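Hey, can you work out the whole structure from these sequences and the hints?
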Amino acid sequence: MPDQAVSLRGLRKSFGPVEAVAGVDLDVADGEFFAMLGPSGSGKTTVLRMIAGFESPTAGTVELGGRDVTRLAPFERDVNTVFQDYALFPHMSVLDNVEYGLRVKKVPRAERRERALAALRSVRLEGFEKRRPAQLSGGQRQRVALARALVNRPRVLLLDEPLGALDLKLREEMQVELKAIQREVGITFLFVTHDQEEALTMSDRIAVFNQGRIEQVGTPAEVYERPATAFVASFVGTSNLISGEAARTVLGREGTFSVRPEKLRVVLGQEETGPDEHEAAGTVREVVYAGPATRFVVDLDAGGRLIALQQNLQASSMDVTGLRGARVRLVWHRRHEFPIDAPAEPVIAG
Amino acid sequence: MTTTTTAAPAGVRRRAASFLHRHSGVRLSLLLSAPLAWLGLAYLGALAALFVTAFWSTDVFTGDVVRVFTWANFTDLVTGEVYRTVALRSLGVAAAVTLIDLVVAFPMAFAMAKLASPRAQRWLVIAVLTPLWASYLVKAYAWRVMLSSDGVLGWGYGLTATVVTLSYLWLPYMILPIYAGLERLPNSLLDAAGDLGARGWRTFRTVVWPLTFPAAVAGSIFTFSLSLGDYITVKIVGGKTQLIGNVVYDNIGAANNLPFAAAVATVPVVIMLVYLAAVRRTGALESL
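Sequences listed follow chains A and B, in order.
Just so you know, we're using our numbering here: the first sequence kicks off at 116 and counts up by one.
Just so you know, we're using our numbering here: the second sequence kicks off at 1073 and counts up by one.
Check each hint, because a few of them may be wrong.
[As the list claims (entries may be wrong)] Taking lysine-lysine pairs in the DSBU-like style, the calculated list, with each CA pair at most 35 Å apart, reads:
no.	chain 1	residue 1	chain 2	residue 2
1	B	LYS1186	A	LYS245
2	A	LYS245	A	LYS284
3	B	LYS1186	A	LYS220
4	B	LYS1186	A	LYS221
5	A	LYS245	A	LYS220
By construction, these hints were calculated from the structure, which means they are not laboratory data.
Owing to the predicted nature of the structure, the values given are computational and were not obtained by experimental measurement.
Here's what the structure looks like:
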């Protein structure tokens, strides 16, 4: 079995009375594009900073390629970071920024120049060598930061909200580009984001963080289709939970279940449902027309509320908005409903 | 009746306010007139008077100022060996004080800006500022006591004592600009340097120093000019040492030669102008 690029064991970090990271175990394989996803304050950035060496853990260990680096300084670790604000040195040219790490490692001048230019080429920034960071756009700065980190050929590249400061259009472009660069260089990318869509589109696997802990680790499809907890269900995609009375009536089962909105079919007439399908009757409370799709908010007769997302294949806004207040049935296939760990009941020790 | 009497001035005030709002040029000149008058009359005027006086002389018998143009003061100043020595010594003291303050202030400012908790940071700023509230004379005499041969330090008085005392007195003026400069330096730049393999000294040399250089220059303008003009500290702890300030003081007092004092006083002014011009060439003033 190949070494894990990153292994975290029982990682904890407290800032005074606040426990930012409350016990994290995680393995990231070599060459993976891995996302740490969570809301702000969930501890994901602190974990990243502990891997980089900017923070030292209160407890637990950090291993890089099988080597324990928990007590090592950042300059002793084989990782490089792309910072959220890019942290380009404002008094240096683009080329000097990219060469910085190589100069520190005393790489000979000719090789240094060659590698830096190659790195700038790989992020499509040739011709910008002499510019200062202040003379670049946000997207260009982001790519300089990427080149400056990649030129050192680290074992793991850490990215802290790499696309957070870019506007939507540029962000979508960079998502594709980052993924292409990662495939090209073959380096493990470990990135932090609070944007679930970004995590779903770019990564091979995702760890969902909440309150200093990991709630679920899995591929984007696993995390999205089968959220392990109510938190994951609500944070990744739209929360659509059936529980309590509704679960007993509609599903005939106890517990909490998750169904994604696009798996629900809004049925108006007397259409027959298949043997493997569940259905729930309700009233349309709200209709939100969103271009390619329409979102129906439906109050179930059995209690609770579900959101259904329908592609506007034939429908237009005139057709759908008239459905507010209409009686409908929501139909879905059994295999799209998943049980979710209910919030843990307090256990009283005897 | 009361309503009309109160309404009228309110109306005038509102009309004045809207007039000022529309005429931003008038607003600007009103705001600037007081500081500009101060700068023009009190500061530049005094400087001009000093400069003019430097070209006059005194009557040998009556001691009255003779208002006739002469180069005599400046000729004496340039040819007199003792004045050259004093000028160079003053320059040396100012340079030494600036260097010492820089070396002492930088680590302190760094600790304040980058290592201390926000709470500790506030207290440290207060701690740095507090000595500025105490009388200059008291602080100088405190050093006199410490430096006297039976004092805590016991180094005795002289040039070294002067440099040490001045370095102490002007230290806050060096710490505060550097502290402000370091505050503006994003922590992520320090992280980035470490991340790219740089250790402490290299990070300082290649990232921290180039980016806080303007702040250090700002501090040095204070320490340098304050040292250059000082004559009290050197009287208290300097022993027989004389600086430019003492020559000026003695010519105003004992020698009663105001024109010559004025001529001597132009020396630090010229040195500061040269210093500022040199600083300007480094580009440090633009980023202040």
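Violated hints - listed by number, lowest first = Hints that this structure does not satisfy do not exist here, as all of them hold.
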